[in-house]
Structures are given as structure tokens and as C-alpha cells.
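Engineer: Residues per chain are reported as follows:
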Amino acid sequence: GQQLNQSPQSMFIQEGEDVSMNCTSSSIFNTWLWYKQDPGEGPVLLIALYKAGELTSNGRLTAQFGITRKDSFLNISASIPSDVGIYFCAGQRLPGYALNFGKGTSLLVTP
Amino acid sequence: DGGITQSPKYLFRKEGQNVTLSCEQNLNHDAMYWYRQDPGQGLRLIYYSQIVNDFQKGDIAEGYSVSREKKESFPLTVTSAQKNPTAFYLCASSIEWNTEAFFGQGTRLTVV
Chain P
38 GQQLNQSPQS
48 MFIQEGEDVS
58 MNCTSSSIFN
68 TWLWYKQDPG
78 EGPVLLIALY
88 KAGELTSNGR
98 LTAQFGITRK
108 DSFLNISASI
118 PSDVGIYFCA
128 GQRLPGYALN
138 FGKGTSLLVT
148 P
Chain G
2 DGGITQSPKY
12 LFRKEGQNVT
22 LSCEQNLNHD
32 AMYWYRQDPG
42 QGLRLIYYSQ
52 IVNDFQKGDI
62 AEGYSVSREK
72 KESFPLTVTS
82 AQKNPTAFYL
92 CASSIEWNTE
102 AFFGQGTRLT
112 VV
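Line by line, the protein sequences give chains P and G.
Counting from 38, one number per residue, gives the positions in the first sequence under this note's numbering.
Counting from 2, one number per residue, gives the positions in the second sequence under this note's numbering.
To be clear, the hints were calculated from the coordinates, so they are not data collected in a lab.
It is possible that some hints are incorrect.
Stated by the list, open to error - For each label pair, taking beta carbons as the anchor points, the in silico distance ranges come out as:
#1 P:Asn95 with G:Tyr11: 44 to 50 Å
#2 G:Ser8 with P:Val121: 24 to 30 Å
#3 P:Gln46 with G:Asp60: 34 to 40 Å
#4 P:Ile65 with G:Ile96: 42 to 48 Å
#5 P:Asn112 with G:Ser68: 27 to 33 Å
#6 G:Gln18 with P:Val121: 32 to 38 Å
#7 P:Gly53 with G:Arg14: 43 to 49 Å
#8 P:Asn95 with G:Pro40: 23 to 29 Å
#9 G:Gly17 with P:Pro118: 39 to 45 Å
#10 P:Glu91 with G:Gln18: 46 to 52 Å
#11 G:Asp31 with P:Lys88: 23 to 29 Å
#12 G:Arg14 with P:Leu82: 41 to 47 Å
#13 P:Pro118 with G:Thr87: 19 to 25 Å
#14 P:Lys88 with G:Ile52: 25 to 31 Å
Since the structure is predicted, the reported quantities are computational estimates derived from the model, not experimental observations.
Note that CB positions come from ideal geometry on N, CA and C, so glycine has one too.
Model the full structure from these sequences, guided by the hints.
Structural biologist: Structure below.
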């Protein structure tokens, strides 16, 4: 399966700062998902997007399904230490196709 | 509580031995998946099953085998043919094929 291009690879920020990360693909995707993974644990689903242009929030997290269908963005506002982890994007090209995952963005937050 | 349970959390095996990783879900999900995670590599699909008694190879199936005899269970066997078996293995399930996937807590396999 095609791997998505996720950036940045890592981020080191101070508590209270806002964070932005994105995921791009050379192909059109039908669904975008954002997951967070704590060290040694399985990924937890944060936000699911199903429509181009869709903007969805989950607390301090906001994700958008790019209008071109080839990208998605995740923003975290007012970061806190428990936001530390690896954030993965996942996309599905068409129904019946496997989910493709990005390589993750590692987020570190200092108090 | 409903969820996906992977066991054991940590597993050590000698090189050349087969080992089976357990994955059980009580979410009544039809689809189940196995992923492998290596540092800096993201998640790569090993095998998936859309329904009981059916499964398909993913991107990196060589050296692995699975079975899906029950809806709730999707065990993964790492065989001696897998050249680099040491990794973090994640099982996931979804209501239907490739809708939102929910993950177990993972099994870290170390082969020495």
C-alpha cells in the first residue's frame, strides 16, 4: 500500500503553544483518520474525516480534510504535557482499499 | 468492557522458533487486521480478515500466517521464515472493512 507523507517528523514545543502537522498523498483519498499513540501502547483514534473540506474538532484538536482530497491537517491548541506521543494519519483511497498510514509525527511538550 | 485484547504484552523467543500472538475482540466487529510497527516506519499491514474463515495478505505477509476460525479471534503466527521478527505488533478491528479501526495495546516481540 501507499505510504502517506507526514510532516514534520518530530516537534519539540513548550506547553501552551499551538501545534500543526499535516499529511499528504499523491493520490486522492476518501477518508482521513488521525490517531495518537502513547509509548508502548496501541494507537487511539482521535478524529475521523469523510468529506472534502470537512473541519472537525475534538476538544483542543481540530482536523481538516483537504479540499483537493490529497491532504489532511491536524492542529492542537494550547498544548499540555499529556499531548506527548506520536500522531499518525491514515487514509483510505476508496472503499475496499486498505488503510494507508503515515510514518508519524513525534510530539514532545516541555512544561 | 468492550475492546481488543492482545496478549502477551511482551514476548521473547529464540531464533528459529514459531510464535503465536493472540488477538481477541468483543466488539462484534467483522474486520480484523494485523500491523507491524518498526521505529520510524509507521504501521505496515501484514494480514487482514473481512469476515470469518477468510483472510488476505497485506503488504508484508511473508513469514507470517493467520487464521480466522471465530469472529472474535485473529491469531498471528510469526514463523521462522520471517527474517526480522523483532517488532511491535498491533491488532485492530473495525465494524466493516476499512471503516474506523480500533487498536489493541500491542505485543512487543523480541527474538534473540
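Engineer: Indicate, hint by hint, whether the structure satisfies it.
Structural biologist: These are the hints, each one checked on the structure:
no., hint, result
1, P:Asn95 with G:Tyr11: 44 to 50 Å, "violated (31 Å)"
2, G:Ser8 with P:Val121: 24 to 30 Å, "holds (26 Å)"
3, P:Gln46 with G:Asp60: 34 to 40 Å, "violated (21 Å)"
4, P:Ile65 with G:Ile96: 42 to 48 Å, "violated (24 Å)"
5, P:Asn112 with G:Ser68: 27 to 33 Å, "violated (42 Å)"
6, G:Gln18 with P:Val121: 32 to 38 Å, "holds (36 Å)"
7, P:Gly53 with G:Arg14: 43 to 49 Å, "holds (45 Å)"
8, P:Asn95 with G:Pro40: 23 to 29 Å, "holds (27 Å)"
9, G:Gly17 with P:Pro118: 39 to 45 Å, "holds (44 Å)"
10, P:Glu91 with G:Gln18: 46 to 52 Å, "holds (48 Å)"
11, G:Asp31 with P:Lys88: 23 to 29 Å, "holds (24 Å)"
12, G:Arg14 with P:Leu82: 41 to 47 Å, "violated (31 Å)"
13, P:Pro118 with G:Thr87: 19 to 25 Å, "violated (31 Å)"
14, P:Lys88 with G:Ile52: 25 to 31 Å, "holds (28 Å)"
Figure legend: structure checked against the earlier numbered hints; hints not met, in rising order: 1, 3, 4, 5, 12, 13.
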